[in-house]
Each structure stands twice: as C-alpha cells, then as structure tokens.
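Asker: Going down the list, the protein sequences come from chains A and B. Mapping of the first sequence onto the working numbering: residues 1 to 293, in sequence order. Mapping of the second sequence onto the working numbering: residues 1001 to 1343, in sequence order.
Don't take each hint at face value.
Partial list, derived from the structure: chain B residues whose beta carbon lies under 10 Å from chain A [stated by the list, open to error]:
#1 1014
#2 1053
#3 1054
#4 1074
#5 1075
#6 1077
#7 1079
#8 1090
#9 1102
#10 1103
#11 1148
#12 1158
#13 1181
These are calculated hints, taken from the structure and not from any lab test. Think of the CB as a built atom: it goes at the ideal place given N, C-alpha and C, for glycine as much as any other residue.
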Amino acid sequence: MRTEAGRDPGRRLAAILRRRPRLRPVLLLTAPLLWLTVLYLGSLAVLFVSAFWTTDSFTSQVVKVWTTDNFHALLTTPVYRQVVLRSVAVALAVTVLCVLLAFPVAFYTARVAPPRRRPLLVAAILTPLWASYLVKVYAWRLILSEGGLADWMLAPFGLRGPGYGLPATVLTLTYLWLPYMILPLHTALEQLPAGLLDASADLGARPARTFRSVVLPLVLPSAAAGSVFTFSLSLGDYITVQIVGGKTQLIGNLVYSHIDLDLPMAAALGTVPVAVIVLYLLAIRRTGALDNL
Amino acid sequence: MEGIAIRLQGLWKSFGQTPAVGGVDLEIRDGEFFSLLGPSGSGKTTLLRLIAGFETPDQGRIELAGQEVTGLAPYERDVHTVFQDYALFPHMTVEQNVAYGLRVRKVPKAERLARARQALAEVRLEGYGRRRPDRLSGGQRQRVALARALVGRPRVLLLDEPLGALDLKLRQQMQVELKALQREVGITFVLVTHDQEEALTMSDRIAVVDRGRIAQTGTPAEIYERPATAFVASFVGVSNLLDGETAHRIAGSPGTYSIRPEKIRVLTESAGPEEPEHATATGTVAEVVYLGDATRFVVDLDGGGRLTALQQNLETSSAEVAAYRGTRVRLRWHRRHAVRLPS
Chain A
1 MRTEAGRDPG RRLAAILRRR PRLRPVLLLT APLLWLTVLY LGSLAVLFVS
51 AFWTTDSFTS QVVKVWTTDN FHALLTTPVY RQVVLRSVAV ALAVTVLCVL
101 LAFPVAFYTA RVAPPRRRPL LVAAILTPLW ASYLVKVYAW RLILSEGGLA
151 DWMLAPFGLR GPGYGLPATV LTLTYLWLPY MILPLHTALE QLPAGLLDAS
201 ADLGARPART FRSVVLPLVL PSAAAGSVFT FSLSLGDYIT VQIVGGKTQL
251 IGNLVYSHID LDLPMAAALG TVPVAVIVLY LLAIRRTGAL DNL
Chain B
1001 MEGIAIRLQG LWKSFGQTPA VGGVDLEIRD GEFFSLLGPS GSGKTTLLRL
1051 IAGFETPDQG RIELAGQEVT GLAPYERDVH TVFQDYALFP HMTVEQNVAY
1101 GLRVRKVPKA ERLARARQAL AEVRLEGYGR RRPDRLSGGQ RQRVALARAL
1151 VGRPRVLLLD EPLGALDLKL RQQMQVELKA LQREVGITFV LVTHDQEEAL
1201 TMSDRIAVVD RGRIAQTGTP AEIYERPATA FVASFVGVSN LLDGETAHRI
1251 AGSPGTYSIR PEKIRVLTES AGPEEPEHAT ATGTVAEVVY LGDATRFVVD
1301 LDGGGRLTAL QQNLETSSAE VAAYRGTRVR LRWHRRHAVR LPS
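Next comes chain A alone, as it looks inside the complex:
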C-alpha cells in the first residue's frame, strides 16, 4: 500500500496535507492573494502615490517630486468640486431610482408570480446583462435623440423627451444597473418567510402596516447591498455620460481628460471615487447589508 501511495502524486499530496493542516489554506489562497495584492492593491497604491507627484508643464512628463498641490487644487477649484458633487448626486439619484423601480418588479417575481414561472422571470431580468454595454447605451442614444422614440411617445401628451444631458445620463445608468438591484431584492423577498406576514396579520396589522413594519425592515439590508453596485458603478462611469450626457462632465470624464496631459492630477481625481465609495460602504455597513453580499 505504501509504495502505491508513494507513486501517485495526488495521493502523496493528500497525505502531506493531511499531516500538515496549515498547508491547506496556503495552497488554496496563494494564487488569488498574489493577484489581489500585486495587481489590485498594488495598482491602487501606485495610483495613490502618483497622485502626490507633479508634471512638467512644458513636456507633460511626470516629475516625481512630492507635493499635495493636486489635492489642494481638487479642493479649491470650483469646477472640480462641482463635478465631484454632480457625480455623487448622479450616483445617488440612480440608486434611488433603481430601488423604486426594482422593488415592485422583485415583489412580483418573488411573491406574486406563479412559483413555476419565477426562475424564467429572473432569467429574463438577467438577459440585458448579457448584451454589450456599448450597444445598450447607444440604443438609449437613439431612443433619446431628437425625434427619437422618447420624443415620439411623449408627443401625444404635448411633451418632449429629455434630450441628451444629465437626466438622460441618470435614466440610462438606471437602466444599466437595475438588474443589480432587482436580484438582491428578489432574493430577500423570496426568502421572506410567509409565516412572518401571517403572524403580522394575525396580530392585527393591516397589509400597509405589515409592509412598513415587517417587509421593509427585512429587505432593507438587501436594498443596501444592491445599492453598493448601483452606486459604485454609477460613480465610476464615464462612457454613458459621453454618449448620452451631452456636455455633462462626471469624475470619470475629468480623469480621462487629464490622463495624457497631467497623470498625477488624474490620479488625484481618481482617488475621489475610491474615497467616496469607502465612505459609502462604511455608512452601508451599519444597515447590515454587507453581511448579505
């Protein structure tokens, strides 16, 4: 038996791992940890460090001299401040719209639709995620164009579509990230025990009361979990706004426009969404949403 076990490398490895349990996590995590620390955290660190460098204004070459000028400019230049605030406002608006739109959909797919049809509905909600991001955004560009679908549909009411601009950006981003909100809400509502709703009604609560006191508090963490996606994806986006945003500028556009001429400034701008999202996650953590991810 011994010799046989010795010949098979798989068995030998299994035997070694059995004798040394501490080797198991090392083997399991070495590759992903290398990836995370070197590529992911490493590039973040480079970003952060280079934000403290500066540029030669003639050659646009990066000069590795330590300075806080970039952050000083970020905080004192009104344009930058405006763009940061606008970006956060867009991300929040998209998140709120996603919650409002996703809840009824999730409620239908999780609790109203016949159980046999539910997996199909969830798959249908996911299908837009399989289509190319660019195709979807250009589709919205067509919808929102002058005389396009939006204008045509609103014309009978004497209204016009929003055209390209900030509202169009919010609308398109909401469309793009909606599935990321529907999914966690669907799961939460589906897992909500029917017994709790019965118990609430049994104790004298009308449906509105049950919704307010039982359903909402129990799905709120999942809405917060979904908002992590909708918020951070919106905050980081710069392509949608280029296509349907007209002249609107968000943080991503500023980073993009600085990359060739002033890399350290771009890096400084790039740390802003990182900081905002860290703050957002800290705020969200209090709802218990991160336990649900």
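Dock chain B against the given chain A, drawing on the hints supplied.
Answerer: Chain B only, in chain A's frame:
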C-alpha cells in the same frame, strides 16, 4: 353552560382537486382547551388556518363568539396564533415582538411595554426582553411566541403544533405549563397536534380529524375509552382490532372490536375467568418487548388473530420477561373494554 367561542358549519376547503377540509361542523366552547387531533395531511392545520382567516372556505360558515367572520381578514378577527415555527420577527427584540400586536392597535408606549413585560413574566421569560429571537433556545422562542399571542388577550388562541420542535422532556414540561397558563388566563385554546398523548393530557375536549372530516368529538376519556371508529381507535393510543371469525368466537357476536393493550392481563394458560364479565383467549407469545416501565406482549391467538397486551413491570425484570417468548398464555379482559365499533 358557557357560550360558544367558535362555531363551524358545513366547512369545505379544497386545494386543487382534493378537499383538505370536507364538510366540518364543530362547536368549541368558551374557555375550553380544545384539540384538533389527526395525522399529518388530515386537514387539521387547514381547519386552524380557516379559523384564523389565512384561508377562506369554499363553502360554509365560521362564527366567533356568535359573530360571523367567514369573509373577514385575519387582522379583523379577535384570534391570535402560535405558529409551528413560531414566526418571530427576526429584526425585533423579544419585547418588540411581544408588543407588536399592541403597537399595531396603537396602545400607548408605556402601557404596551408594561404589558409586554408582564406577558413575558407569565411565560417565565423575565429579563429576556432586550434579546433578539435568534439568541434564544427553541423552548424560549416558543414561550415568546406564546407571550406575543397572549398579550392582546384574544378571544381565542390558536396553537399550531406548538411543541412539535421541542425535545421530549421540554415538551412534557411545556404541556403542563400550557395547561396551567390556559386555566390562569381563561382564554379558549385550540390546539392542533398529531401527538395523541399531548391531546389527551392537555385537552378538555378533542376532535379527531380524519381525511378532512371530524371522526369523533369528545373528552379525552371518551375518545380513548369509547372510540367511535376504527380510525380513532387505531390513531389514539395503540389498539387491538378484533374482527371476523375471531371476534365472533371471543366476543360472542360478530362485529369489529377495539381493546386497549393495557386492559388485557397476561396469565398462565391454566388460569380461568374469575367473573362472568371476563372474556379470555389462549395463545402463544410471539414477541416480548421490554419498554422499561412496562412490557408489551404480542400474542398469536389459537383460533387466528393477534392481540397486543401491555403489563406494568411491577415485579418482573427484563431478563424474566424475555423468557416468556414462545410460551403459552391466557389473555383476560373485562367485556366492557372490548368496544364495538360501527362497521
């Protein structure tokens, strides 16, 4: 006589093709501890859900305290339920759970907190108010569910297999406590259970439910001693059914008879009937099962048929009773304990 707490008339409820409740008439009195006893799938839980208002009947009428409530929603009925899985709100503390019904009915905060604490004291959970339900043991959760349902002092308390998830010791202890609590608060309790022992120990009256219908209603003694159908006889307690040729020979007239195992004495073959009221049968012991406090004898009767007898282990020990296997015995019982069942 007291009033009627619940009256069910001609109640039908089907899910798809099969009726879960098929024509139930029932009256439950005020202040009674009433049990709906039946195997799983017999429709007893559906019956409870109809009373609570979670289901609406296809046909029939439900009255609570003389008022028709057939079409009313659960929140419009003065009935609270202790659910099988307790259904405690996980995002609320124990105190908030208990006070929920009062909060919904807009009882002022100070009063509802005081009443919630008192209800927790009633179920011996003082000091647990600030905890979350997931920090409690099964038995404690069960008590919270009980306090939550009782705090509003409903007209009727419905209990859906409330002790099902507890272990044997705790279950027996809770049976006693539940009964004491019911006497104390004086509310009508309707208990759904598949556990015949539970129903027999706690109830004032029992309705045995069989395939969506009430097979028999009566006091525990009536149900146990004088089962109305073969189903009741076999479901409530262990029962011997004698029928056909054997029944005719032993009981003297044809029919189906039910005899409880503990009513049968196991004697040596030579023993005779002591009184004219006694019936006897001889046979061979096929099986001896030592149960600790008692021994179960399975006896193959000489003329065909099989009877189970239960003997208290007053003087015998396990080693002795095992030696009975294969021996010849005489079984003796009082004629009135052979209950004739309607065919």
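Asker: Looking back at the hints listed earlier, which ones does the structure fail to meet?
Answerer: Hints 1, 13 not satisfied by this model.
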